[in-house]
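Residues per chain are reported as follows:
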Amino acid sequence: MKLSIKLLVVLAFVLFGFASCEREERGFRVKTPDANRINTKRLTTLQAGEVIPEPDIKNEYEENAFALSEGKRLFSQMNCVGCHAHGGGGMGPALMDDKWIYGSRPDQIFATIEEGRPNGMPSFNGKLPDYQVWQIAAYVRSLSGLVPKSAAPGRDDDMQSREPENSTEKQEPKRVNAPQ
Amino acid sequence: MTRISSNLKAASLLAPASVFFAACGHGNQSAVEPSGLQAEHLSFLWWMFLAITAAVYVAVMVILVAAFFRTRRAVAEDDAELSPDPLREKRASSVVKAAVAVTVLTMFALMLVSFRTGRALDTLSQAQTPLEIKVTGQQWWWQIEYKDPTPSNMVTTANEIHIPVGRPIKLELVSHDVIHSFWAPNFHGKKDLIPNYPTTLFFRADEPGVYWGQCAEFCGFEHAKMRFMVIAEPQEDFDRWYSASQQPAPEPVTDSQKFGRDIFLKSVCTQCHTIQGTPANGRVGPNLTHVAGKPYIASGSLPNDRENLANWIADPQAIKPGIRMPMNTYSPEELNALVDYIQSLK
Amino acid sequence: MKDADLSKKQSSSLTEARINDELRALESTWSDKPGIIGWLSTTDHKRVGFRMVFTAFCFFTFGGILAGLMRLQLSLPGNNFLGPDMYNQIFTTHGSTMMFLFAVPVMEGMGIYFVPLMIGTRTLAFPRLNILGYYTYLFGGLLLFFGLLLNIGPDAGWFAYVPLSGPEYGIGKRVDLWSQMVSLTEISALIASTNIIVTVMKLRAPGMSLNRIPLFVWSEVITAVMVIFAMPAVMIGSSLLSMDRLTNVSTHFFNQAEGGDPIMWQHLFWFFGHPEVYIIFIPATGMVSMIITTFSRRKTFGYTALVLTMVATAFIGFGVWVHHMFVTPLPQLGQSIFTASSMLIVVPNGVQIFCWLATLWLGRWNLKTPLVFILGFFGVFVMGGLTGVMLASLPLDTQLHDTYFVVAHFHYVLIGGAVFPLFGAVYYWFPKFCGRMLNEAAGIAHCILFFVGFELVFFPMHILGLIGMPRRVYTYLPETGWGDLNMLASIGAAVMVIATLIFFINAIYSWFWGRVAAADPWGADTLEWSLPSPIPQYAFQYQPVVQGRHAVWEQTADSPVVTGLHINNREVVATSIHDAVPDHRYGVQGPSIMPFVVSVITGAMFVGFMFTPWSLPLGMIALFFGFLGWFWSNSVEHRPPYAPLEDNPVYDDPADYKPAEAAV
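Protein chains in written order, with this note's numbering: chain A, 2 to 181; chain B, 288 to 633; chain C, 22 to 685.
So that you can see chain A by itself, here it is in the shape it has in the complex (with noise of 0.2 Å):
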């Protein structure tokens, strides 16, 4: 019995450890994650005959701090913040919000930065590599609190515009129309 504890005790430890591993991770010369790229861009519920369930995409980077900060990095230096501001939108929409137009999954939010979006949202197909994208989609999803706390970016040193991102409580994402 006491060897058992001791054990678990051990395992979560170790658990908790390799955990805390991959959060620090700093991959530099990366793969893209290996989040599917095809079959993933439905914007709606209905389908033609039987229903092939949603797939279960998750992107690595989400767990990744080292990609969230980057993908924050991007997020400012790419400009994303001239029409989404830091989360608040603008003459986009706003990302922090439970709102979301072209779906919050990770590949849908990957679709929309590589293939752009009608009223405004550029395309950055070839301006930026894959796995570049990637880390914004991760970043993005932050804003709305949905990746862990943990590996959130923490306050800018800046000018405070909203909450941390790894303050920021998770925002169920609901699906709404595009604006007219």
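These aren't lab readings, by the way, just hints derived from the structure by calculation.
Computed from a prediction, not measured in an experiment: that's the story for all the values here.
Treat the hints loosely; a few may be bogus.
To be verified - Simulated pairs of lysine to aspartate or glutamate, DMTMM-like, Cα-Cα distance not exceeding 20 Å:
#1 B/K553 to A/E115
#2 A/K171 to A/E116
#3 B/K553 to A/E170
#4 A/K128 to B/D549
#5 B/K553 to B/D602
What the hints assert, rightly or not - Stretch-level coverage of chain A by chain B, calculated; a stretch enters the list once three of its residues show a Cβ under 8 Å from a Cβ in chain B:
#6 24-31
#7 113-120
As the list claims (entries may be wrong) - In silico contact screen, one side only, chain B against chain C (beta carbon under 10 Å); selected entries:
#8 Q316
#9 Q325
#10 V343
#11 V465
#12 V540
#13 T541
In this text, a Cβ means the ideal position worked out from N, Cα and C, and glycines have one as well.
Dock chains B and C against the given chain A, drawing on the hints supplied.
For chains B and C alone, coordinates are given in the frame of chain A:
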């Protein structure tokens, strides 16, 4: 090397030491090979401190060695001396007091010399028409902007500061991310670039040449390779360089160069880099308008030749892991053309 | 005339059997509980002190391995043995380990072990608090150790400047781990310091007036006072940094845009950081004084001066911190004042050196390993102090700051000023730890190799700094020409490793199979040498009445001792602060597991604080219950501690004992 400091060096019998210094390193990133007014003062201060402190060290060691040889030996069982000869104690006491007095006076003198040097370093700040350059420390490169009342005459470059010999230079030092430190040892001591604390550094080059500097405050992954060059040249050469730098990038001539420009403009490069005269207008990374004329790329860490450039463009993370520039996949022909184009940007 | 075994004071009417009965009773009163609970719950200051020293040497090895890895990476230009991320973690952890987990705790540990013995008492004032301090240190150290192994090691430098360590650029939880390690180790330091100060003020043996306190004890008390003033600054700084970074707290202490200031971090840190190095150095000066006195076979020259210089150093040490910030854009006039104070602090150090040299000059040398290490100390530390004078000069510092010149300087003063005396002290006091001597020839070899290796590593760094090599670079270009000196330094590092291995082998071998030591193999003057080797848990059978500054040299066979203390309770005599006149009996608690429990709760609270602010209130509630359990045991089996002294005719013939109030 001024007369004062060279005399002092000889007098301090430290000439062998300076030869030793010269044998290590190449003297173009060295605080003891001054090429500017302030570095001269600092070098003089260094040799003076070295002479005095070396003398103190030798004195202490001589006393220790003398004590080693002249004291008698004892063993643990010997009685300890609890009431030593009062005359010897008194004599020792006087010697100690004298030594303390000498210490106090020496420290005081060194303090005064330091203050004098500090004031001498400051004389350039009274200069009437210094050449004004704004240096922005970024993670992990140096943005250099030559100030000019007419904005379109400003020259923006990276990791390389050309200056005319003999003219006071006023550097405005700024950082927008973390703390960096600007250090060109041949000219001046270092100054920290702290975000939201803009600061100024005056210096003057008195000898033409190519000198190196490096970031001297730990700033992240590639702090080690955040280097820059200071190229001090005669006024005419500087003027020629300056007006050439004000020109937009030359038009590509060969087909390969034209193809290369197309690739540049259509791929990720324009998100971060500027080439004046083309639509490329990115502000994130260094200005590439005249990059081919630079002897080093990658913040002074890679000599600028064809092979290095190709490797750098294809996989900068292998050379400087952790920097902002991503890896790029090009076919061999594309990469060739791109390198041709970049190398035409003189 | 020295009497090596004062603990066994004979009296004509006390029978052998009676003495043995007393000793057995004392032994059982002061012993630990059996088994692993007993091991965890010990309050014997000797065991706790030894554990601190042993743990500190384990961290020394760990930090040394990290240094070896750094030297391997830097031995060649453009080397890719370690990438920048790994190198940054390694140099940060090396610095943090050496400063927080080795240098301060080893000095504290030696103090915890020897201070009560040197002042002639059996215990520290607060024994359970003492072991709490050890566990807190252990957990803080393990946090950092495992952090590095799990890729969460801090990577912003051991002084973690913001904004690099701030929430935007200090990515992940690495800096938070560093912060919590700092908090835990500083709590440990504060605990040790309060204990030492109260012990030395109140529990000295009768007759040990202030001007008779051994120099090592003075050094530990002065250091303890420094700790109390300095540690809060870094705890505050690291807590503010943690709060800036923490989810749902996200304060702006170091965010200029919202009213904070990054330079404030530097002020807070260096206000601690500079006294920290004196916290490391001053106990080492105490060790130097002890060893020089014993091995020169004469009373210390300039006792009063030595004490006052330690006080002066401690005091001035709080007024020099801006010399770490000379290249920041602070006003020049203000900074120049710190040039003056940084040069001023050389004067008390100089007085110390001169007094020691005078003792050596006027004495007769017993040239054994401890003294050889002190000679090494002189050779290395004096050079370090002199390069410190160079760095004190503001203009010169602008060339030297943040280069390898500074790396050379601080290794000279820290290794020369603390590690050499520490090694000497280990060879000196080893017989007291375990009753055996360390091998003398291996000790000399260790010293010489360590000295040679050290000079090979760190002397070239002076030159490297002057020819342009900055600190904390994971590599350098071949064109710089720094390769040769770096390779020389790496070779020297290998020599240092060999020297340290010799020491470890010597220590392990001698611990089990070394030459058995007498109670006083060196003919020394402080009270721990009047006890058997190894020291029994009750230490003194009778607390001595001290006759002079060099207690053992000035005791005779007829010197009085303290009698009448209970032997079935843990009791010592408490005395007045100035003249150590006996005042009352002081009873201390026996072993307890509660400090271990409280330290586990504290450790968990701090680790939790890396992730959520709720850890603090919840941890405090748990701590409340922990302390409740701790104080619950305060009353049961012991007498109230403030019972007045009374003549207690324990022995048959009243003339056979001397009254305890004799303060000579």
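Comparing the hints with the structure gives:
1. B/K553 to A/E115: holds, 15 Å
2. A/K171 to A/E116: Violated. A/K171 to A/E116 sits at ~27 Å, over the 20 Å cutoff.
3. B/K553 to A/E170: Not satisfied, since the Cα-Cα distance of roughly 40 Å exceeds 20 Å.
4. A/K128 to B/D549: At roughly 13 Å apart (the allowed maximum being 20 Å), B/D549 and A/K128 satisfy the hint.
5. B/K553 to B/D602: holds, 18 Å
6. 24-31: holds (count 3)
7. 113-120: Violated: only 0 residues of the region 113-120 of chain A have a Cβ under 8 Å from chain B.
8. Q316: B/Q316 check passes; min Cβ-Cβ to chain C is 3 Å, inside 10 Å.
9. Q325: holds, 9 Å
10. V343: holds, 6 Å
11. V465: It holds, given that the least Cβ distance between B/V465 and chain C is near 4 Å, below 10 Å.
12. V540: Since chain C brings no Cβ nearer than about 32 Å to B/V540, farther than 10 Å, the hint is violated.
13. T541: violated, 32 Å
Figure legend: structure checked against the earlier numbered hints; hints not met, in rising order: 2, 3, 7, 12, 13.
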